[in-house]
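Peer 1: Sequence:
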Amino acid sequence: MKIATFNINGIKARINALPDWLKEAEPDVALLQEIKSVDENFPREIFEDMGYNVETHGQKSFNGVAILSKLPLEDVTRGLPGDDEDEQARWIEATVVGDKAVRVCGLYLPNGNPAPGPKYDYKLAWMKRLKTRAQQLLDSEDIALMAGDYNIIPQAEDAKSPQNWQEDALYRPESRRAWREILNLGFTEAFRARVHGPEHYSFWDYQAGAWDRNDGIRIDHFLLTPQCADLLTDCQIDHHIRGREKPSDHVPVWVELAA
DNA sequence: ATGACAATCAGAGATTGA
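By the count of our numbering, the first sequence reaches residue 1279 at its end, each step adding exactly one.
If you're looking for bench data, these hints aren't it; they were derived computationally from the structure. Don't be surprised by glycine CBs; every beta carbon is placed ideally from N, CA and C. A couple of the hints might just be wrong.
Claimed, not checked - Between beta-carbon pairs, the in silico distance windows are: (1) L1205 <-> A1121: 19 to 27 Å; (2) S1181 <-> K1120: 19 to 27 Å; (3) Q1227 <-> A1121: 24 to 32 Å; (4) E1105 <-> V1058: 15 to 23 Å; (5) A1228 <-> D1104: 39 to 47 Å; (6) A1228 <-> V1058: 29 to 37 Å.
As the list claims (entries may be wrong) - Straight-line alpha carbon distances no greater than 30 Å define the calculated DSSO-like cross-link-like pairs of lysine-lysine that follow: (7) K1120 <-> K1266; (8) K1120 <-> K1022; (9) K1032 <-> K1022; (10) K1043 <-> K1022; (11) K1022 <-> K1151; (12) K1032 <-> K1266; (13) K1043 <-> K1090; (14) K1080 <-> K1151; (15) K1139 <-> K1032; (16) K1120 <-> K1080; (17) K1148 <-> K1022; (18) K1090 <-> K1032; (19) K1180 <-> K1148; (20) K1266 <-> K1090; (21) K1120 <-> K1090; (22) K1043 <-> K1032.
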């Protein structure tokens, strides 16, 4: 089972690039972030015609997450538990029924800039709620993963120019500590389980020729429960997608599971 | 020091992103 995550930065803007990538990469499941669309306006027929089941959790203008799956989806839930006041669409879960059942959680973690400030407080509070849900997934002993745009640069090697990110919400010590708190509950970070060393990025800013200079950061991640990590056979970043016509500023990242 | 660049909503330019 091939499962991908892709922050598409707007479904309307990616109406060609997303189907093109799906046809090439042929993921069984695609977790999408920043669809920037309400559920009613998501062009689900395009993906249904390609054989995907479509589940969305959208909102107007900003945020929004979705799951595309060629396999049946069960028990879909929307919204990260822990704050009934939170109206930002950043979390969706479903069980993918393949040879084995895999619980997949798609997430769009808050950016948090400027830091410090209320947006940064929201980011850290959201990560605390994420930790609670993460522990539940571990306790279930299910084959499960949480994947998406974490807006976290885990280590210096995950940025071309880490010195430029010292004060940024994506790299501040409190952000990385909160990330490690979740990781250290017992998750496997799929990409680093398979690939070591610098210059592996999943985001390049549109500005200042960042892609041409390979001035990127790695902020799109997969966290696997132990039962899921047992099944991991591959994890790669489709970095070439960033060089295409009208690209997102993020590229897809995917795992292959023996499930 | 600032802006660059892109997307959205709206129908110009503010807001958001990372």
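Peer 1: Is it true that the CA of K1043 sits at most 30 Å from the CA of K1022?
Peer 2: Given pair K1043, K1022 holds - Cα atoms ~13 Å apart, limit 30 Å.
Peer 1: Regarding the pair K1139 and K1032, is the alpha-carbon distance no greater than 30 Å?
Peer 2: holds, 26 Å
Peer 1: Going straight from one Cα to the other, do K1032 and K1022 come out at no more than 30 Å?
Peer 2: holds, 25 Å
Peer 1: A range of 39 to 47 Å was offered for this pair. Does it hold for the Cβ distance of A1228 and D1104?
Peer 2: holds, 41 Å
Peer 1: Just tell me: holds or violated, for the beta carbon distance of Q1227 and A1121 against 24 to 32 Å?
Peer 2: violated, 43 Å
Peer 1: Return holds or violated for the Cβ distance of E1105 and V1058 against the range 15 to 23 Å.
Peer 2: holds, 20 Å
Peer 1: Check the hint pairing K1043 with K1090 against an upper bound of 30 Å on the C-alpha distance.
Peer 2: holds, 12 Å
Peer 1: Holds or violated: K1043 with K1032, Cα cutoff 30 Å?
Peer 2: The hint holds at about 18 Å.
Peer 1: So the hint says 29 to 37 Å: do the beta-carbon atoms of A1228 and V1058 match that?
Peer 2: holds, 33 Å
Peer 1: Does the Cβ distance between L1205 and A1121 fall inside 19 to 27 Å?
Peer 2: holds, 22 Å
Peer 1: Is K1032 close enough to K1266, meaning Cα to Cα at most 30 Å?
Peer 2: The given pair, whose Cα atoms are some 12 Å apart, holds under the 30 Å limit.
Peer 1: Quickly compare the C-alpha distance for K1120 and K1080 to 30 Å and report which way the hint goes.
Peer 2: violated, 35 Å
Comparing the model with each numbered hint stated earlier shows that hints 2, 3, 7 and 16 do not hold.
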